[in-house]
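Position chain B against the provided structure of chain C, taking the given hints into account.
Sequence lines, in order, name chains C and B. Residue numbers for the first sequence follow the working numbering, beginning at 1 and rising by one. Residue numbers for the second sequence follow the working numbering, beginning at 1 and rising by one.
All the pointers check out, no bait thrown in.
Computed Cβ-Cβ distance ranges for the label pairs, DEER-style:
| no. | chain 1 | residue 1 | chain 2 | residue 2 | range |
| --- | --- | --- | --- | --- | --- |
| 1 | B | Gln22 | C | Asp63 | 41 to 47 Å |
| 2 | B | Asp31 | C | Thr44 | 38 to 44 Å |
| 3 | C | Arg54 | B | Asp78 | 24 to 30 Å |
| 4 | C | Val89 | B | Gly51 | 32 to 38 Å |
| 5 | B | Asp31 | C | Gly94 | 39 to 45 Å |
| 6 | B | Pro71 | C | Gly94 | 26 to 32 Å |
| 7 | B | Thr76 | C | Glu69 | 24 to 30 Å |
Hints in this document: simulated from the structure, not taken from any laboratory. If you're wondering where the values come from, they're calculated on a predicted model, not measured in any experiment. Glycine residues also receive a C-beta, built at the ideal position from the N, C-alpha and C atoms.
The chain contents come next:
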Amino acid sequence: MTSPLEIYNAWQSRQMAGDVEHLGEVVDLEGFRDICIGLSDWTTGYQAAFENLRRNILIPLADWHTTVETIIEGQDSVVVRQRAEATHVADFLGVPATGRRVRWEVVTMVKVKEGRVVENCTMLDLWGIYQHLMAPPLQQ
Amino acid sequence: MDTPDTTLPTPTAQAKEELGRQFYLPFNTGDFSTYDRILAPDWIDDLLSPGQQPGPDGFKAKVLEFRQTIPGYQVTNDEILVADNKVAVHSTVHSTLRKSTSVTSPTDRPFEMRTCDFHHIDLGRIVYTWHLENFYGLFQYLGALPGH
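So that you can see chain C by itself, here it is in the shape it has in the complex (with noise of 0.2 Å):
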């Protein structure tokens, strides 16, 4: 496997399944290097950064559905552009839950070397998503 394609592919399929076992040897758990631009600043170490995305996103929006856009791979980077959709379950944005189904663009910029995830840098629709989350009911 040494396409930055098929790591992050690897890596996304054994985080969203929780195989935590294998995950090591996609990603460089220690050296691990994360951003979401707008809800956490860098880290280091996979922990960290995988509790980030925990409580930032994971907890506050429920049921995802994602969609690959566009994906442009470099010899040691890819990144990934996605539409996405989830439903808002808990405080998000300083936004108290309000059950919407909310839909917005991700970008995701992830750098390999040696075979693993070293660098994660994700980009949200933000301001999307908080303009759809703070507009009025819309009338039955």
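Just chain B now, with coordinates in the frame of chain C:
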């Protein structure tokens, strides 16, 4: 505006990277003639900003507005990745913009905003650009988020 020369050879990855890089120069210099060279006449900007007209001319007007509204507007390309006919660019917008609230202190950093763009290239010109900016961070910095 000239019609693209369809006899041109397929641009190299390096040429595509340079095309992507040139997209940001007018933000810094105000020389919008760059867009006459690098954008296709029917270039699509996805999504248009509020009040922006479609096409290169509408974009020139919007960039001019950015430069006039946001002091010291400068874009730095942090990462550029090229594959096939696509160029991904992560950038940081720097400005000398500072909070206008009474809680501003001399240690406050000027505003910075991360952006990410995907450019599609055909016949040596950019034909489509999808973009994402951290506007939430901008409004948060300015204390302009309703309800906060």
